[in-house]
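K.L.:
Build the full structure now, drawing on both the sequences and the hints.
So in this note's numbering, the last spot in the sequence shown is 614, and the numbers never skip.
Heads up, a few of these hints could be off.
Dumping the calculated DMTMM-like pairs for lysine to aspartate or glutamate here, alpha-carbon to alpha-carbon at most 25 Å [what the hints assert, rightly or not]: (1) LYS574 x GLU405; (2) LYS316 x ASP576; (3) LYS350 x ASP392; (4) LYS587 x ASP525; (5) LYS607 x ASP592; (6) LYS573 x ASP517; (7) LYS510 x GLU591.
Read the hints as simulated data drawn from the structure, not as lab findings.
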Amino acid sequence: MNYIVFDLEWNQCPYGKEQENARLPFEIIEIGAVKLNEEKAVLDTFHTYIKPVVYRKIHYRTHEVIGLNIEDLDEGLPFREAAERFLAFCGSDYRFCTWGSLDLTELQRNLRYYHMNQRLAIPLFFEDVQKLFALTYETKHERRSLSYAAEYLNIAEEGHFHHALDDALYTARILQTIDDRMIRENFSVDTFHVPGCRKEEYAIRYPDYVKFISCGFDNREDMLADRVVAAVICPECGRPLRRRIQWFATGGKVYQAIGLCHTHGYVKSKIHVKKTDDNETYAIRTTKMVSEDIYLQLLDKKQNRKKKKYQKEEP
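P.N.:
Right, here's the structure in full:
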């Protein structure tokens with residue numbers, strides 16, 4: 300399997316959000332990529348500009364970042380041809396690698412706009428190099444810019460940031476510093492396309508938690524009421540558990556619950572409520588073993604929230 304490290308530059312509507320094309324808010328105008336083998340050695344590179352057709356004027360912020368004019372991009376390829384060449388460059392056995400997840404989202408959105416999205420696998424696994432950098436060098440939750448990471452690792456500045464191929468090369472050089480086991484155990488899954496039905500739902504086991512991706516629902520209420528989505532399952536033995544703390548909101552789009560496995564202990568489950576481009580609601584549920592202290596902390600948090608709710612309702 301090869302690694303395809305890629306970076307995109309895109310343009311947006313120069314006349315304001317009210318005039319943007321809702322199906323394509325960001326139009327890709329440049330693709331840069333580096334192909335690495337399993338030992339992370341560079342095999343090849345890819346670069347192309349893309350002639351824009353949806354937005355025929357460059358947004359001023361895009362121009363400030365990439366320094367290109369519409370005349371420069373008019374020398375590029377039509378998107379369909381550029382995408383075909385890029386996918387041919389990728390080959391048949393590869394995994395995408397990006398800095399963050401936005402590039403993969405916009406690639407799929409542009410492919411769908413041109414009715415080409417069936418070319419990518421579902422579920423789509425990838426390596427988020429930004430996350431891998433955080434896990435390796437800093438803290439689990441920190442997310443840094445590409446330029447910060449390159450400077451942190453003393454990578455010589457041999458190209459311009461915000462140029463697609465240069466950014467792909469910087470990302471590839473950072474990936475080359477990441478331990479193979481870290482990459483193997485902390486891959487990401489893209490959710491631009493969610494499972495189409497219950498049979499297509501899937502769960503992914505990581506070293507210390509399990510991630511479940513649900514199919515789409517019409518609304519949040521239906522999703523949270525679904526028995527499969529709301530189940531708390533022991534990540535060690537796979538048994539559904541009786542909840543010691545029922546689901547409750549701990550943020551605008553986050554719900555938590557805790558169950559008790561009599562063999563393995565307390566299990567915390569967290570649901571992140573998400574929406575697709577088609578306005579479907581789906582769940583990303585993570586489940587992991589926790590200590591009794593975490594159980595007591597969450598119980599206290601729920602009780603405090605309940606007290607505050609009652610206080611607000613009192614006349």
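K.L.:
Against this structure, judge whether each hint is valid.
P.N.:
To see whether the hints hold, each was checked on the structure:
1. Of the supplied pair hints, the one linking LYS574 and GLU405 holds, its CA atoms being roughly 16 Å apart against a limit of 25 Å.
2. Taken as a hint, the LYS316 and ASP576 pair is honoured in the structure, with Cα atoms around 16 Å apart against an allowance of 25 Å.
3. For a cut-off of 25 Å, the pair hint linking LYS350 to ASP392 is broken: about 29 Å separates their Cα positions.
4. Between LYS587 and ASP525 the alpha-carbon distance is near 20 Å, which keeps this suggested pair within the 25 Å criterion.
5. Proposed proximity of LYS607 and ASP592 is supported: the alpha carbons are some 23 Å apart, at most 25 Å.
6. A threshold of 25 Å between alpha carbons decides the hint, and for LYS573 with ASP517 the separation of about 12 Å falls inside it, so the pair holds.
7. A hinted pair counts as satisfied when its Cα atoms are at most 25 Å apart, and LYS510 with GLU591 qualifies at roughly 22 Å.
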